[in-house]
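Colleague: Read top to bottom, the protein sequences are chains D and P. One point on numbering: in the working numbering, the residue at position 237 of the first sequence is 237, and numbering is uninterrupted. One point on numbering: in the working numbering, the residue at position 216 of the second sequence is 216, and numbering is uninterrupted.
Treat the hints with care, since some could be wrong.
[What the hints assert, rightly or not] Residues from chain D that face chain P, not an exhaustive set, calculated with beta carbons under 8 angstroms:
{"hint": "1", "residue": "25"}
{"hint": "2", "residue": "111"}
{"hint": "3", "residue": "119"}
{"hint": "4", "residue": "124"}
{"hint": "5", "residue": "134"}
{"hint": "6", "residue": "168"}
{"hint": "7", "residue": "350"}
{"hint": "8", "residue": "508"}
{"hint": "9", "residue": "525"}
{"hint": "10", "residue": "544"}
{"hint": "11", "residue": "547"}
{"hint": "12", "residue": "550"}
{"hint": "13", "residue": "554"}
The set of hints was computed from the structure by calculation and includes no laboratory data. The C-beta atom is built at its ideal place from N, Cα and C for all residues, glycine as well.
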Amino acid sequence: MTTAPESPRLALKAPPLSRLHEWVVTVDHKKLGLMYITSGLLFFIIGGLEATMMRWQLAWSDMGVVMPDEFNRLFTMHGTTMVFLVGMPILLGSANYLVPLMIGTRDLAFPRLNAFGFWLFLFGGLLLYFSYFGGQGLYGMGSAPDVGWFAYAPLTERTFSRGHSTDYWILGLLVSGFGSIATGINLVATILCMRCKGMSLMKMPIFVWIMLIDAILVVIAMPPLAASQVMLLFDRSLGAHFFDVQGGGSAVLWQNLFWFFGHPEVYILILPAFAFVSEIIPVFCRKVLFGYPLMVAATVAIGFISLGVWVHHMFAVGLSPAVNTAFMASTMLIAVPTGIKMFNWVATMYGGKIRLHTPMLFSLGFLVQFLFGGLTGIMLAVVPFDWQVSDSYFVVGHFHYVLFGGLVFTIFAAIYYWFPKVSGKMLSERIGKWHFWTLFIGFNLTFAPMHVSGMLGMPRRIYTYHADRGWEIWNLISSIGVLFQIIGVLFFAWNLLRSLKKGKPAGDDPWDAWTLEWSTPSPPPAWNFDVDPEVRSRRPLWDKKHPEDPDWKYE
Amino acid sequence: MDQQHQSEQHPVELPCPCAGPLIAAFGVTFMFAGIVTTWSVAIVGLSFALAGAVHWWREVLPDPREYEPVIDTHPDAIEARIGQVGRLMAQPTHRARIPLEIHPYSAGVVGGIIGGVAMAVVALIGSLASHGSLWYAVNVLAGTILPSIGDMDQTALSAFHGGALAVGLGIHIVMSLFIGLVYGVIMPLVPRWPLFWAAIIMPAIWCGLTLASLSVINPALEMHIEWGWFIGAQVAFGLACGAWIVKSEKISTMQNWSYLERLGMDSPGVPGMQAEDES
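Turn these sequences into a full structure, and let the hints guide you.
Modeller: Below, the structure is given as C-alpha cells:
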C-alpha cells in the first residue's frame, strides 16, 4: 500500500508532461472512458471526412473527384472506422465511465485489464490506418483496404487482393477486437460482482442492465470474428484454403462467420443507444421509466434473438427457402422486443412534464429516425423485397437511419446529458439547439433520398453513374445534406471547446436526476464516492430528495 | 460528519497507475504488425509485450498495489424537497399511471364498423360523381393487392368485377376494424379535442403518407385515385368512428387490480381482493 496525494485539483496544476504521463499510465475507469470517447470522436471526424469525399464524388453523374480505386478504399475505411473505431469505443467508453458510478463502486473489476483493452483498441485502429503508408507491401499494390467493411471472400484472397492492405484490415481489427473482448469481460464481472449494498439486479439502473447484455454480446460475438480473421490470415499468408473456392474452401463460410459476428454487432452498437435514451427520457419528462421489468426482459430478448438472425444479410446468396424463411421469421421476431421499448419510451413521455433541452431533443430525434430505420428493417426482412433492393442504396439508407439516426444521435444526447458531470461545466443550450437542428435536417436530407435512389435501382458502392438513370436529383439532395451535417458537427465542436473554457458551472446535479452518478462531485474524484453508497430503489436520489414518497415503497 | 466517520472506518483504496498495460498492448500490436512488415518488428513487439506483462504482474502479485487518495473533494449535500412534487395516487400502495380511464375495445370495433360504412358512402358518392359508376372506388381499392387492376383503363375500372369486389370488400372490412381498434386505443391518450384528432389529424397523417409513398409503392394505382374524394372518405371515417368512441362510456383501467382479480378469480379470502360487498 502506498499513499499518493492525487486529486483532480492537484492534477490540473501539474505541468503538461506530468499530466500526459498521468493519463497514459492511468487505470482509472473515468479517464479510460474519456480516452475511449475522445478517440472515438476523433475517428468519427476521419470517417466523416471519408463519407464527405464519397458524397462529393456522387453528387452528380460522371464526376471525377476521386478515382475508382480510391473510392473503394474510402467506403471500406469509412464503414470499418464507423463500426469498429467510432461506435465500439464510444459505447465501451460510456460504459467504462458510467457503470461504476451508477452501481456505486470505485472502479471496474480489473482496472489494469481495462487499460490494456483501451490501448489495444487504439493501437489496433492506428495499425489499420497505417495501411495508408504500409499497405503497398512488396508488390507496390494497393494502399488502404478496399474490400468493403465486411470483406467478402474470395475478394480478400491473395489472388484478388495483392499487397498488404487486407492484412492490415485483418490485423488492425484483430488487435482492437481483443481489446473489446477484454473490456466486455471486465464489464460483466463488474456489474455482476461489484454493485453497492442494496442494488439487486432488479434495482440496477436500466443503463447498467443494457450494458450488461451488451457486454455479454461483445464476449459472444467478437471471438467468431477473430477466429475467421485468423483463418483468412492463414489463407493469405500460409496457403490455407478456408475461403478459397477453387482450393476446396467456401466463400459462404466467411459470410456465415462474419455475419454471426456482424448482426449481433448491430445490436451491440444500438443497445447503448437504448441505454442512453432510457436514462435521458425519464429525467426530461420527470417520470419513472415506464415498464422497467419489461424493458429489462426486452433487452434480454433482443440480446438472445440477435444471435439468431445473421442470415438475413445473406438472403441474396441463394440459400434454401427453408433457411431463408426461418431467418426471415427470427428477424421479424426481434421487432417485438424492440417495439416494446419504443412503446415504453413513448409511454414514459406520455403525461410527463417534458423539458425540451438538447439531450431530450436528440433523444426525440432518435425515436423518430430509429422508428423509420426499424420499419425499413422489417421491409428488408421480407425475403422477396430483400432480393429486389439487396446491395442497393435502400440498404445504405436503412442502416444509416439505424446507426446514425439511432446511435449517433443518442451519443450526442448522452454527451449533452453527462458532459456537466464529466467536466463540471454546462454545454451551451443555444448552440446545442443549432447543433441538433442542422444535424437533424442534414441527416434526413442525406439519407431519406437514398431509399428512393435505391428503389430506382442505384447499387451501393458504385463510384459514379451515368446521367440517364434519374438518380441525379436524389444524389444531389443527399450530398447537400452532408453540408448541413458538417455545419452541425462544427457547432458541436465549438460548443465543446467553448464550454470547456468558459461554460457555466454545472454543480453536482444540474438536471435534477436520480441515479448515483449525480450524487458525486462534478467532475467525480478518482475515488468516486466518499462513502460506499447504499440504495433501496432504482432511483436512489429520488428517495433522498423525496423522503415522503420514496420509490422503494412501490418497487 | 457521519460520512467522515464512515470513511475513517473504511479507508478508500485505489489501484496505482501502471504502465504495464500500455507497454504490453504496444508490444502485442507490434507483434502482429511484424506479420506484414518484417520479423524484426515482431521481435521488438514480443520484447515489449513481455516487458509490459512482467511489469503488470509485479503490480498485482502477490497483492495488487494500491494507494490511499487524499479525499479533498466532497459532493454537495442532497436536500430533501418535501411536498414539491404533486402525486397522482390510485391507492396508498400504488402510483397511478395515466390514463386512469380508457374506452373499451368494443367501442373501437363498433366505431370501426360505423366509420367503415361512412367511408364507403362517401367513396361511392365520389365514384358516382366522378365516373358515373358505383364500382370505380372498390376496383381501385382492390388494386392495392391485385396488380391487374393497375393496368385497366377508366372504362374497365368503372365496370363490375366480382373478384375485385370481394377483395375490395375484404380489405375495407379488415382495415376498418383494425383502424377502429387503433382509434379506440389512441383516443383516450390524445391531449384534448379527441374528435379533432380523429377527424382531421389522423386522416391528414394517413393521406400525407399515402400521397408521398404511393408513387413509389404502386405508381399504376396512383394514377387512378381521385384524391379529393379519397381525403373526404378518410375524414368521414375519422369523424364517424371518432364520434362513436367519444360517445362511449369510459371504463377504469385494471392498474389497481391484483393479478388474481385480473384473472377473474373471485373467492373470499383472496388477499388484495376488492371488498365491494362490504361497502
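Colleague: Please write out, lowest number first, the hints stated earlier that are contradicted by the structure.
Modeller: Going through the list in order, the structure violates hint 12 alone and respects the others.
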